[in-house]
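Visitor: Below, each chain spelled out in residue letters.
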Amino acid sequence: MSDPFADLADELLRAGLSPRRVRRYTRELTEHRQDLIDHLLAQGQSRQAAEREAMARLGSHDALLLPMLADPRFRSLAARWPALIYLALPLAAQALCALCLLLGLVAAAATPLRTLIADLGTGAAVLWLIAPVLTCWLLWHAARTRRASMRWPAAAALALSALAAATEIGVTAPAQGIAGEISLGVTQPSILPFLTLAILSLLPLCLERTSKFAR
Amino acid sequence: MAPSTSSFLNGVPELLILRLLRDREMYGYELVQAIHEASGKTLTFAEGVIYPVLHALERDGALSTRRQTINGRSRVYYSVTQAGSQRFETLADHWRTLSGTIANMLERPNHV
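For the protein sequence lines, the chains are A and B, in the order given.
Positions in the first sequence are counted from 1; adding 1 to them yields our numbering.
Positions in the second sequence are counted from 1; adding 18 to them yields our numbering.
Okay, the calculated beta carbon distance ranges per label pair: (1) Leu97(A) with Gln51(B): 46 to 56 angstroms; (2) Glu76(B) with Ala156(A): 33 to 43 angstroms; (3) Ser103(B) with Ser47(A): 36 to 46 angstroms; (4) Ala119(A) with Glu76(B): 54 to 64 angstroms; (5) Asp11(A) with Arg84(B): 26 to 36 angstroms; (6) Glu209(A) with Thr62(B): 37 to 47 angstroms; (7) Thr62(B) with Asp11(A): 25 to 35 angstroms; (8) Gln189(A) with Thr83(B): 53 to 63 angstroms; (9) Leu85(A) with Glu76(B): 20 to 30 angstroms; (10) Leu78(A) with Ala110(B): 29 to 39 angstroms; (11) Thr83(B) with Arg145(A): 25 to 35 angstroms; (12) Ala121(B) with Arg28(A): 39 to 49 angstroms.
Derived by calculation from the structure, the hints in this document are not laboratory data.
Virtual Cβ for every residue (Gly too), placed ideally from N, Cα, C.
Pulled out of the complex, with its shape left as it was, chain B reads as follows (with noise of 0.2 angstroms):
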């Protein structure tokens, strides 16, 4: 069962992600270095936490992985599924409306 959207905060992370592995498929220490890059480093995290979530959103059928090994180095590559697509669409949707009300809140706060 896809996790709801509908949390304040939650599916940054899978948004972020899903949005890069979109482009290309990508292992996990090479994802981490796209978020730092895209992000001009203004995005810093735990860089271990980033395999819970890519494997949730495998869980998810969001994702799809395939094993490869390079010079003795075994790799998880991860790439998006048509689902994984689709969630991106949605997560993508809710930030936009989630970004605007909070921009026009900051700007004019509608409360008496």
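Bound conformation, chain A alone (with noise of 0.2 angstroms):
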């Protein structure tokens, strides 16, 4: 069976109304509807007079639509703020990302885990390419299920990838004499790392778009 309700879940999404709002709104109204059907089904109707009645009485599509846009507290965070949901925290929360390596690296190299030093060094620039590739396939999704503009995300993650080529977080073991050092660079970012970063992290979009195309 069709949901009734689906053109008027999606038209909210579109006007930035969170998604579980509209999902509260719909599940609301779809009960209501099952009340009202019961009800008329109760005095006699038939099941198809019983459910075009109930929807006459619910309210036209525009009437169940207009107060819930008239109302802007309705609207998520994301889509009052989306440069600073989509493009401002990730950026933060990259950085942030550095900082806690640089701090894990450094509290590893006081312990016993200082003769893995170099391979958890390894493992700190890996987990740095790969998080902002993930944060943005959230972001994507995130951006998705709100039908939201998928404009913040890509800045996103053309921003996510240029800090993360940027950034080298490098790891060099102490030898006889010599000792270690931690460091976290900030250089140009290099083209191919950018660019390969970027497209992972616009693949899911990109993806979306070449299956809209094909239908």
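Dock the two chains into a complex; use the hints.
Guide: Encoded structure:
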């Protein structure tokens, strides 16, 4: 059975209402519709007539849509401040990730794990490169769920890829008579790592666009 | 932030909902039936629009909700909070003043 409120839900999401708010509203409308149908069936109406009258009594598409759109408090944070949610916060999280990796390595160097410090450094560098890709996939999923524009997630993909490509976490294991070194350096992003990360980050968006063209 | 009560006829749906929910908690369909019954079926409206009003009142802190599943049917029950009771008193006072003013104007419009 098709969902009679699917179009309504889609329009509300596109208008920026949070998925949780939309789910609750359409669930309440669905239950209300079912209560009306049960009541009309008990009065002796046919199933088809009861369903028709129940939808008429609930209200037209616009009657159900416009009051929800009229209250700006129903809009999600992501709809009100997309640049903050989709770009600024992920960039801040990425910077925090760098700090945590650095502090983790420094802490490990003061423990028996120091013998594995070079491997830990390699692991941290790999995590540093994977993190922006995973973050972008999460952003894409969040924007898709909210029917939001992909402009800000795409901008985040480029910004996070540039930051990851421009930052290097370096670990030099201590050698005989020479102290080891843990470093975090920021340089101009190298083209190949930047492009690789950007393509991987934008992959879900590209695949979705390709499948839409193919239909 | 609570919506202003100074708008000309705004606040009537909220007033009726808060009045009925003061007596007992209800879910949306029950509340619509209660409005029909209490008004002698003179008040008719698109029933689905009760939910945006309920959500807005909850957002204002005037209502609280709890979810209950009965016989596989999920219900969201609404009840009035203390803030909601105060909001009701404010709206009721405003409505009494307004209806008294309109009644006077109908009897004896005071204009030149």
